[in-house]
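Residue numbers (the working numbering), protein chains in the order written: chain S, 1 to 113; chain D, 1 to 111.
Hints should not be assumed to be uniformly reliable.
No more than 30 Å apart at the CA atoms, straight line, and that leaves these computed lysine-lysine pairs for DSBU-like [what the hints assert, rightly or not]:
1. D:K37 to S:K7
2. D:K37 to D:K71
3. D:K98 to S:K65
4. S:K65 to D:K42
5. D:K56 to D:K98
Bear in mind the hints are in silico, worked out from the structure with no lab data behind them.
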Amino acid sequence: SAVISQKPSRDICQRGTSLTIQCQVDSQVTMMFWYRQQPGQSLTLIATANQGSEATYESGFVIDKFPISRPNLTFSTLTVSNMSPEDSSIYLCSAGQGRGGYTFGSGTRLTVV
Amino acid sequence: GENVGLHLPTLSVQEGDNSIINCAYSNSASDYFIWYKQESGKGPQFIIDIRSNMDKRQGQRVTVLLNKTVKHLSLQIAATQPGDSAVYFCAENMGGNKLVFGAGTILRVKS
Numbered sequence: 001s002a003v004i005s006q007k008p009s010r011d012i013c014q015r016g017t018s019l020t021i022q023c024q025v026d027s028q029v030t031m032m033f034w035y036r037q038q039p040g041q042s043l044t045l046i047a048t049a050n051q052g053s054e055a056t057y058e059s060g061f062v063i064d065k066f067p068i069s070r071p072n073l074t075f076s077t078l079t080v081s082n083m084s085p086e087d088s089s090i091y092l093c094s095a096g097q098g099r100g101g102y103t104f105g106s107g108t109r110l111t112v113v
Numbered sequence: 001g002e003n004v005g006l007h008l009p010t011l012s013v014q015e016g017d018n019s020i021i022n023c024a025y026s027n028s029a030s031d032y033f034i035w036y037k038q039e040s041g042k043g044p045q046f047i048i049d050i051r052s053n054m055d056k057r058q059g060q061r062v063t064v065l066l067n068k069t070v071k072h073l074s075l076q077i078a079a080t081q082p083g084d085s086a087v088y089f090c091a092e093n094m095g096g097n098k099l100v101f102g103a104g105t106i107l108r109v110k111s
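In isolation and in its complexed conformation, chain S is listed as follows (with noise of 0.2 Å):
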């Protein structure tokens, strides 16, 4: 399966500014996803980044907040736009070959101050 590289782990960040994710996959992909879990709670999918177009996100989630790029099939950026604490929360890169069974990166722990 995939091995996945998400930087950075950590990140502490003033309110209004913006913090861009990385997601590195060490083979070609066909699926990549972003995640956001908030502390104690379950996943909640971002939106599926598609390689060469817009990313297509879920119901309360928008480009202008969480403008995504995959310009190839083993890379992918997640931005968090202008934060504010509600943003804090872990976002985790997800990638495979289709269907499930999915690998995941360690996680960004985003804390917005």
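Keeping the supplied structure of chain S fixed, place chain D upon it in accordance with the hints.
Here is chain D on its own, set in the frame of chain S:
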């Protein structure tokens, strides 16, 4: 949509006992289900999967049962060990190859 929950349910078991973790899924059209294990500070790790044309699948020390009639999934862990302590999530493929996660259960193994 959001999976909202203030607290995850907790299952406490004695080391060596069997554990059963349950999950109710939402979409009767989902055709593929996965159990993940998440340890503190790490991303979810794949444990076992099952397709909707099966009702049981066994792995090493783990068994997944699927009841489509009541949209219920369970994970059985045999001879639970301290290293099994983690949060366990079920996930369903709701179409479009994307996974939606259930609420999660904390498993605590007492030595």
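Unmet hints by their number, sorted upward, for this structure: none
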